[in-house]
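Student: Letter by letter, the chains look like this.
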Amino acid sequence: MRFVSSLRYAPAILIGRAVRLLARWRKPGGGSAIPGVVVNRIAPGFLAATLNGFPLGLVIVTGSSGKSTTTKMLVAVLRAHGLSVFTNQSTANISQGLTSALLEQVSLSGRIAGDVAVLEMDEGHGAFIAGSLTPRVVALTNVMVDQIDRFHDSEMVAALLAKIAARATESVVLNADDRYLADLGHDLEPGVSVARYGVTAEVLAQYPRGLGYADTAPIRLPVGTGLQLTRVAGRDADVQFATGVHSIRLPARGIHYAVDALTALSTAQSTLGDLFDPAIACTALSAMPAVFGRGEVVTVGGKTIEFVLVQNPSSFQLNVDSLESGTEQILVIIGSDVRDPSYFWPVDTSGLGHVLIASGLKAHDIALQLAYDDVSVDRIEPDVPTALDAFLALPDPVSGVKTIIFSADGMRRTRSHLGLVSNTEEPV
Amino acid sequence: MTATSLDRPFTVVSLLPRLLNTNGDAGNARVLAQRVRWGGRDARVVDVHSQADLPEDVDAVSIGSGTDAGLLPARDALRTLVEELRLWSNSGVPILAVGTGWELLSWGIDLPNGSVLEGLGLVAGHAVPRASRATDDIIVASKYGRLIGFENNARDYIGAEASPLGRVLYGTGNAAAPASGPQIEGLTMGEVFCTHLHGPVLARNPALADHLLQAAFSRHDLEYARAATAESVDDTARTARNEVAVRLGQDAE
Numbered sequence: 001m002r003f004v005s006s007l008r009y010a011p012a013i014l015i016g017r018a019v020r021l022l023a024r025w026r027k028p029g030g031g032s033a034i035p036g037v038v039v040n041r042i043a044p045g046f047l048a049a050t051l052n053g054f055p056l057g058l059v060i061v062t063g064s065s066g067k068s069t070t071t072k073m074l075v076a077v078l079r080a081h082g083l084s085v086f087t088n089q090s091t092a093n094i095s096q097g098l099t100s101a102l103l104e105q106v107s108l109s110g111r112i113a114g115d116v117a118v119l120e121m122d123e124g125h126g127a128f129i130a131g132s133l134t135p136r137v138v139a140l141t142n143v144m145v146d147q148i149d150r151f152h153d154s155e156m157v158a159a160l161l162a163k164i165a166a167r168a169t170e171s172v173v174l175n176a177d178d179r180y181l182a183d184l185g186h187d188l189e190p191g192v193s194v195a196r197y198g199v200t201a202e203v204l205a206q207y208p209r210g211l212g213y214a215d216t217a218p219i220r221l222p223v224g225t226g227l228q229l230t231r232v233a234g235r236d237a238d239v240q241f242a243t244g245v246h247s248i249r250l251p252a253r254g255i256h257y258a259v260d261a262l263t264a265l266s267t268a269q270s271t272l273g274d275l276f277d278p279a280i281a282c283t284a285l286s287a288m289p290a291v292f293g294r295g296e297v298v299t300v301g302g303k304t305i306e307f308v309l310v311q312n313p314s315s316f317q318l319n320v321d322s323l324e325s326g327t328e329q330i331l332v333i334i335g336s337d338v339r340d341p342s343y344f345w346p347v348d349t350s351g352l353g354h355v356l357i358a359s360g361l362k363a364h365d366i367a368l369q370l371a372y373d374d375v376s377v378d379r380i381e382p383d384v385p386t387a388l389d390a391f392l393a394l395p396d397p398v399s400g401v402k403t404i405i406f407s408a409d410g411m412r413r414t415r416s417h418l419g420l421v422s423n424t425e426e427p428v
Numbered sequence: 001m002t003a004t005s006l007d008r009p010f011t012v013v014s015l016l017p018r019l020l021n022t023n024g025d026a027g028n029a030r031v032l033a034q035r036v037r038w039g040g041r042d043a044r045v046v047d048v049h050s051q052a053d054l055p056e057d058v059d060a061v062s063i064g065s066g067t068d069a070g071l072l073p074a075r076d077a078l079r080t081l082v083e084e085l086r087l088w089s090n091s092g093v094p095i096l097a098v099g100t101g102w103e104l105l106s107w108g109i110d111l112p113n114g115s116v117l118e119g120l121g122l123v124a125g126h127a128v129p130r131a132s133r134a135t136d137d138i139i140v141a142s143k144y145g146r147l148i149g150f151e152n153n154a155r156d157y158i159g160a161e162a163s164p165l166g167r168v169l170y171g172t173g174n175a176a177a178p179a180s181g182p183q184i185e186g187l188t189m190g191e192v193f194c195t196h197l198h199g200p201v202l203a204r205n206p207a208l209a210d211h212l213l214q215a216a217f218s219r220h221d222l223e224y225a226r227a228a229t230a231e232s233v234d235d236t237a238r239t240a241r242n243e244v245a246v247r248l249g250q251d252a253e
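Those protein sequence lines, which keep their order, are chains C and P. Each residue of the first sequence is one higher than the one before, counting from 1 in the working numbering. Each residue of the second sequence is one higher than the one before, counting from 1 in the working numbering.
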């Protein structure tokens, strides 16, 4: 009866693919989570069984901030080591989105050609689906006071992350500079190894506002007990491995990218074991295309634009602080996703100096904050397409590039108006 | 005391901004200082974590909201400043306290495990756990105009019935609508203003900010007048409030 059991999910897979075809036919170019909804309904074990079935197992990256960048970096490093990697794109509805993504590649026996799966998980979603998953490695980025509507405080976020970490069968990789994660590392099951990474005291001292963690651990990682970030200057950084120091070129300026890189390197080391080669890893990381903010630099109608995605107060602050000084054309778009206008008030936006347009459904709320931070705002235009057209029509800036700072909703509206390829797994 | 100037910067104390600033409520201190600066006077915000940080003169005080994990350390830190808080509230120095910052000024906070965290006892009433967190926009009719903000309360507040800040038009406020009597929000005592409207309540509701400033200025026989810059910023605030009001089925101002 092995034949029957290995084809257990074949009907669900076929139905899911048919639904996907129909969804694509109805909405050309757009992806959809609907096939995932259908398959999860008719074969609830499909997702976990497939994800747990990779030869080198499943790696989960989670935490308040930096998940996406860390995941991308980790995938690049693993691929440079010759591995075939299945990975997901961030999506609000992770289990349905993942199932839809898996449907594209899975064979009827429920297997995917690949050596390892690397998944980015939101702390909330992770706790929800982690019960059925058995990750080999879990990487924890940080605990930041995040999305106050949903996760009230850092204790709750730490508890959600601890739930995911408890699923690790082999190792947990964690940021030793984050007090909540450092504490969490002491409470894991004895059979699971803990790989710690952190910055040196000298690096930390460069950032008087700290690194954005809800609580910074009182002591730095002792030398020789894990990967250490020993230097950051612009897009250049040095990482101390057990075997020596290697330099990396970051995809963007900012300490948060350096720490993301450190997380990715430490996680790759735990995933690959003896196969891990710091030189290969650092070369792969440095070869990643430059990104600015979490987004990218795009060219639209001959104009170069830098996208900066702000997902929580910490990332907003770090992005304001790492903005190239003298950036003279800034558009800020805050959308309906920022339901509570208080959300960004802990951020000191004064470093922006001058904003040409405030836009999005929360245009007036962000303009109000900018005004109290002594940032002059030339125009408030809630309609995003109108604001974008006006912003792009301006001649190129004399200093800096055109910079758009947006919330996730602002990003979606921007991408859609500019006709940029959108995330394929948007929630329906 | 002179009739035309203070001879020193207008001083707003932000109490415990490290522990009590989850929603950016500490920004209310910045709002008061900015409005004074826009009027052409020097103003500053002084972060106060302990006695050592206290400035000589205090014109207004802002206390923000924190997480439950920070309740005990925040209460203990506030206790070391209880004499000053009493002096300020008795001498008409305007004090704004938001969320847990308000709860800590009360008789106490009932915790889910049945214990009580004793407050400073500066204002009447106490906080008790709610069945579920109240997280939504909130609209309040008050003496200082219609106040619009956002609330995120894990607790109800009992005992403010005699002197609320206003009446709830939308949202929860101190507690869900009672069987009889009005549904109320906040507490006032002299120039002490306590509210669940977290974050930038003074930026979004400048009429309340200006009331606090008038109270502060009148202590020095000075006139407070809204500056031209504030007028244009207040137009932005009104549009932001109207966006919420209209979405929730209320009239625009």
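Just to be clear, a hint being listed does not mean it is correct.
[As the list claims (entries may be wrong)] Listed next, the stretches of chain C that the computed footprint assigns to chain P, with coverage defined by at least 3 CB atoms under 8 Å from CB atoms of chain P: (1) 153-162; (2) 344-354; (3) 363-369.
Hints are computed from structural coordinates only; laboratory data are not their basis. Positions of the beta carbon are idealized from the N, C-alpha and C atoms, including for glycine.
Student: Compare the structure with each hint and give your call.
Tutor: Status of the hints after comparison with the structure:
Counting residues of the segment 153-162 of chain C whose beta carbon lies closer than 8 Å to any beta carbon of chain P gives 3, which meets the minimum of three for the stated coverage. Counting residues of the segment 344-354 of chain C whose beta-carbon sits less than 8 Å from any beta-carbon of chain P gives 4, enough to reach three: the coverage restraint holds. Against chain P, the segment 363-369 of chain C contributes 5 residues with a C-beta closer than 8 Å to a partner C-beta. That satisfies the three-residue criterion, and the hint holds.
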